[in-house]
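Peer 1: Chain residues, written in single-letter form:
Protein chains: 2
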Amino acid sequence: MSNKLRIAAVGLGRWAYIQADSYTKSDKIELVTCFTRNKEKREKFAAKYGCSAEESYEALLAREDVDAVIVTVPNDAHADIIVQAALAGKHVCVEKPISITMEDAKKIDEAITKTGVKFTVLHSARRLGGLRKMKELIDSGAVGQVSTIEVNFSNERGLEIKPGNWRGNPAQAPGGPLTQLGVHQVDNIQYLLGRVKKVFCFGKPMYTEVENATVTQTICELESGQQAYIAANWACPGVFSVNVFGTKANLFYNLDFTWWSNSDVTDKHTTLQIQEFASMGDDPDDRELRTSNVEVPTCNHLMDEMEEFAVAVLEGGDIEIGVKEAAHNVAIVLAAVKSMNEGRIVQVSEIEG
Amino acid sequence: MSNKLRIAAVGLGRWAYIQADSYTKSDKIELVTCFTRNKEKREKFAAKYGCSAEESYEALLAREDVDAVIVTVPNDAHADIIVQAALAGKHVCVEKPISITMEDAKKIDEAITKTGVKFTVLHSARRLGGLRKMKELIDSGAVGQVSTIEVNFSNERGLEIKPGNWRGNPAQAPGGPLTQLGVHQVDNIQYLLGRVKKVFCFGKPMYTEVENATVTQTICELESGQQAYIAANWACPGVFSVNVFGTKANLFYNLDFTWWSNSDVTDKHTTLQIQEFASMGDDPDDRELRTSNVEVPTCNHLMDEMEEFAVAVLEGGDIEIGVKEAAHNVAIVLAAVKSMNEGRIVQVSEIEG
Numbered sequence: 064m065s066n067k068l069r070i071a072a073v074g075l076g077r078w079a080y081i082q083a084d085s086y087t088k089s090d091k092i093e094l095v096t097c098f099t100r101n102k103e104k105r106e107k108f109a110a111k112y113g114c115s116a117e118e119s120y121e122a123l124l125a126r127e128d129v130d131a132v133i134v135t136v137p138n139d140a141h142a143d144i145i146v147q148a149a150l151a152g153k154h155v156c157v158e159k160p161i162s163i164t165m166e167d168a169k170k171i172d173e174a175i176t177k178t179g180v181k182f183t184v185l186h187s188a189r190r191l192g193g194l195r196k197m198k199e200l201i202d203s204g205a206v207g208q209v210s211t212i213e214v215n216f217s218n219e220r221g222l223e224i225k226p227g228n229w230r231g232n233p234a235q236a237p238g239g240p241l242t243q244l245g246v247h248q249v250d251n252i253q254y255l256l257g258r259v260k261k262v263f264c265f266g267k268p269m270y271t272e273v274e275n276a277t278v279t280q281t282i283c284e285l286e287s288g289q290q291a292y293i294a295a296n297w298a299c300p301g302v303f304s305v306n307v308f309g310t311k312a313n314l315f316y317n318l319d320f321t322w323w324s325n326s327d328v329t330d331k332h333t334t335l336q337i338q339e340f341a342s343m344g345d346d347p348d349d350r351e352l353r354t355s356n357v358e359v360p361t362c363n364h365l366m367d368e369m370e371e372f373a374v375a376v377l378e379g380g381d382i383e384i385g386v387k388e389a390a391h392n393v394a395i396v397l398a399a400v401k402s403m404n405e406g407r408i409v410q411v412s413e414i415e416g
Numbered sequence: 064m065s066n067k068l069r070i071a072a073v074g075l076g077r078w079a080y081i082q083a084d085s086y087t088k089s090d091k092i093e094l095v096t097c098f099t100r101n102k103e104k105r106e107k108f109a110a111k112y113g114c115s116a117e118e119s120y121e122a123l124l125a126r127e128d129v130d131a132v133i134v135t136v137p138n139d140a141h142a143d144i145i146v147q148a149a150l151a152g153k154h155v156c157v158e159k160p161i162s163i164t165m166e167d168a169k170k171i172d173e174a175i176t177k178t179g180v181k182f183t184v185l186h187s188a189r190r191l192g193g194l195r196k197m198k199e200l201i202d203s204g205a206v207g208q209v210s211t212i213e214v215n216f217s218n219e220r221g222l223e224i225k226p227g228n229w230r231g232n233p234a235q236a237p238g239g240p241l242t243q244l245g246v247h248q249v250d251n252i253q254y255l256l257g258r259v260k261k262v263f264c265f266g267k268p269m270y271t272e273v274e275n276a277t278v279t280q281t282i283c284e285l286e287s288g289q290q291a292y293i294a295a296n297w298a299c300p301g302v303f304s305v306n307v308f309g310t311k312a313n314l315f316y317n318l319d320f321t322w323w324s325n326s327d328v329t330d331k332h333t334t335l336q337i338q339e340f341a342s343m344g345d346d347p348d349d350r351e352l353r354t355s356n357v358e359v360p361t362c363n364h365l366m367d368e369m370e371e372f373a374v375a376v377l378e379g380g381d382i383e384i385g386v387k388e389a390a391h392n393v394a395i396v397l398a399a400v401k402s403m404n405e406g407r408i409v410q411v412s413e414i415e416g
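First to last, the protein sequences are chains S and L.
Numbering of the first sequence is given in the working numbering, commencing with residue 64 and proceeding in unit increments.
Numbering of the second sequence is given in the working numbering, commencing with residue 64 and proceeding in unit increments.
Read the hints as simulated data drawn from the structure, not as lab findings.
One or more hints might be untrue.
When chains are identical, the list treats them as one kind, so a pair holds in a single copy or across two.
Said to hold, decoys possible - Computed cross-link-like contacts, DSBU-like style, restricted to lysine-lysine with a CA-CA straight-line distance of at most 35 Å:
| id | residue 1 | residue 2 |
| --- | --- | --- |
| 1 | K111 | K260 |
| 2 | K177 | K225 |
| 3 | K91 | K261 |
| 4 | K331 | K107 |
| 5 | K311 | K225 |
| 6 | K102 | K260 |
| 7 | K198 | K225 |
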């Protein structure tokens with residue numbers, strides 16, 4: 064094996080470019096070739112990044128100089144593409160969510176386990192500098208004992224989706240913004256506080272031409288007993304926030320999502336504040352609060368996830384987000400959608416089986 | 064009748080002083096006398112404000128130079144005190160919540176209707192300058208069509224309540240912080256967006272010695288179809304925030320609650336931000352967001368509610384928060400508590416009957 068991870072890009076939509084813009088700058092990764100069914104599209108991608116283009120996925124997998132594939136095909140095509148790659152002995156990283164059904168997640172799990180290839184799901188949000196800092200503050204005890212977390216990931220997409228678009232179809236994008244946006248934040252909840260036990264969701268289509276939900280609000284109880292609120296909304300200007308409430312301090316994180324794709328500078332467009340007691344007398348009326356900015360370390364969320372994967376393949380390093388973590392994120396989203404449709408609490412175990 | 068509203072204070076705990084510090088500065092109100100069962104306490108209050116003190120509530124109600132009473136006795140004593148005042152022909156203003164049962168709210172309603180006295184409930188939060196401004200921005204269409212609202216009112220009270228304190232008892236403070244803090248925000252939801260139809264709540268005691276819930280998260284569907292999230296938490300440093308999400312803009316309001324009782328300057332310790340599109344091209348990736356501060360008008364939430372009441376009595380002015388609005392707030396809280404206990408959606412109509 065080369066001293067760089069030699070990868071092939073599969074699925075060449077908008078997000079494949081954003082990923083390639085990032086990982087082609089890494090000295091741990093070399094983009095070798097690519098494939099998508101449309102010839103013009105794969106030649107355009109190959110020309111831009113100076114890599115080969117294959118005429119079939121089979122041809123791509125047959126190349127001995129390809130160590131791994133990065134998969135950015137539509138969510139419901141992930142499983143077949145991944146299983147095929149694993150059986151060909153290729154390591155795999157795939158864009159989140161791992162799948163939109165638990166059956167697909169299980170298929171992927173079986174193929175990965177059977178073949179022993181390295182695998183990760185690209186939930187990049189938890190690699191934002193602010194999220195890393197929040198985790199550090201929580202684990203160090205600086206915020207005391209955490210009771211609740213509130214996350215919000217929203218944008219205006221639902222106002223513009225036309226009937227016929229897959230995003231407007233409850234079967235292809237279950238829960239609308241909950242699948243498309245909320246799953247990022249669900250992973251953040253799992254990262255910061257652990258697994259979710261049960262959920263309840265109110266949601267519906269609002270201010271849209273499509274039948275899918277565009278407005279959702281979900282509350283969760285975690286396995287720890289801590290609680291979470293997840294807002295995923297397609298009917299307002301962009302929001303990305305994570306608030307954590309602890310016995311000693313509260314944390315408030317905000318990201319200007321218009322900078323999300325420029326992952327080398329995303330962290331510079333974020334703020335993290337800590338709110339603590341400035342004075343703590345016995346009389347609650349005499350206490351004072353202080354809110355201050357916390358320095359956010361500069362990470363590179365898209366680069367970091369790819370380099371972790373490269374090191375895992377090349378040197379046997381650890382993988383942070385495997386099938387188990389990624390499938391749990393999908394289960395939480397599907398539990399919320401089921402709750403929204405049935406008007407009752409849904410245990411995540413009902414979905415995970 | 065005098066050209067000032069002549070009032071008597073009933074129930075002389077901490078909050079009676081905070082109210083009196085405010086309304087005694089009004090040129091529309093004159094504090095005439097006061098009553099509480101403890102002689103020392105009523106003499107202390109009378110001395111501080113230069114008013115009389117009565118030996119019994121009956122004696123207070125018998126005074127012809129008393130037009131109205133301000134009631135700040137414990138929540139579960141509101142109804143009897145109010146009914147007695149109304150039957151004596153006295154106008155009444157009472158601290159929120161109007162009651163902690165629907166039976167008590169009904170008793171109050173009947174007495175007010177029968178006697179025709181003026182009545183208001185002192186939900187001061189909606190009179191904060193920032194809330195007035197938010198209502199104006201929503202009603203003017205500046206935020207477009209609103210889909211959701213998120214409110215949070217929290218403090219550290221639950222960490223310190225001792226067993227035996229009434230706040231730790233689910234019968235006396237149903238839902239803990241939901242009754243004691245959340246009801247303020249429930250009124251704000253009603254003020255900004257209207258009545259609530261159904262609720263779901265997760266909550267429990269956390270990090271506390273008492274059996275009452277200290278951590279609650281509630282989601283609601285409004286009669287309009289809009290949705291709301293209510294956080295009421297007794298296990299973290301103080302938070303008071305109201306966020307509104309609309310198709311054109313989002314609003315973010317924050318209050319440093321340590322300034323709540325100094326109502327002449329409370330508004331100076333608040334921030335209101337509006338987040339809008341700075342550029343709005345056809346390509347969602349090319350849009351930019353702009354967040355800017357909105358000037359918050361300087362109001363005086365405690366003074367304003369009392370002066371409205373005085374003008375209503377003296378000149379027949381309108382009352383913003385009557386029995387109907389205040390009872391709806393209590394019904395929402397009780398529905399949330401029932402939902403928390405029973406693990407199901409509760410229709411507010413189940414509580415209101």
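Peer 1: Within a copy, between copies, both or neither: where do K102 and K260 come within 35 Å Cα-Cα?
Peer 2: neither (46 Å within a copy, 54 Å between copies)
Peer 1: Given a CA cutoff of 35 Å, do K331 and K107 count as a within-copy pair, a between-copy pair, both, or neither?
Peer 2: Within one copy only: 31 Å inside a chain, 57 Å across chains, cut-off 35 Å.
Peer 1: Please sort K198 with K225 into within, between, both or neither, judging by C-alpha distance up to 35 Å.
Peer 2: between (39 Å within a copy, 32 Å between copies)
Peer 1: Which holds for K111 with K260 at a C-alpha limit of 35 Å: within a copy, between copies, both or neither?
Peer 2: Answer is neither: 45 Å inside a copy and 55 Å across each miss the 35 Å cutoff.
Peer 1: Taking 35 Å as the upper bound on the Cα-Cα distance, should K91 and K261 be classified as within, between, both, or neither?
Peer 2: neither (40 Å within a copy, 54 Å between copies)
Peer 1: Please work out whether the CA atoms of K177 and K225 approach to 35 Å or closer within one copy, between two copies, in both situations, or in neither?
Peer 2: neither (42 Å within a copy, 56 Å between copies)
Peer 1: For the identical chains here, do K311 and K225 meet the 35 Å Cα criterion within one copy, between copies, both, or neither?
Peer 2: between (47 Å within a copy, 19 Å between copies)
Violation of the numbered hints given earlier is confined to hints 1, 2, 3, 6; the remaining hints are satisfied by the structure.
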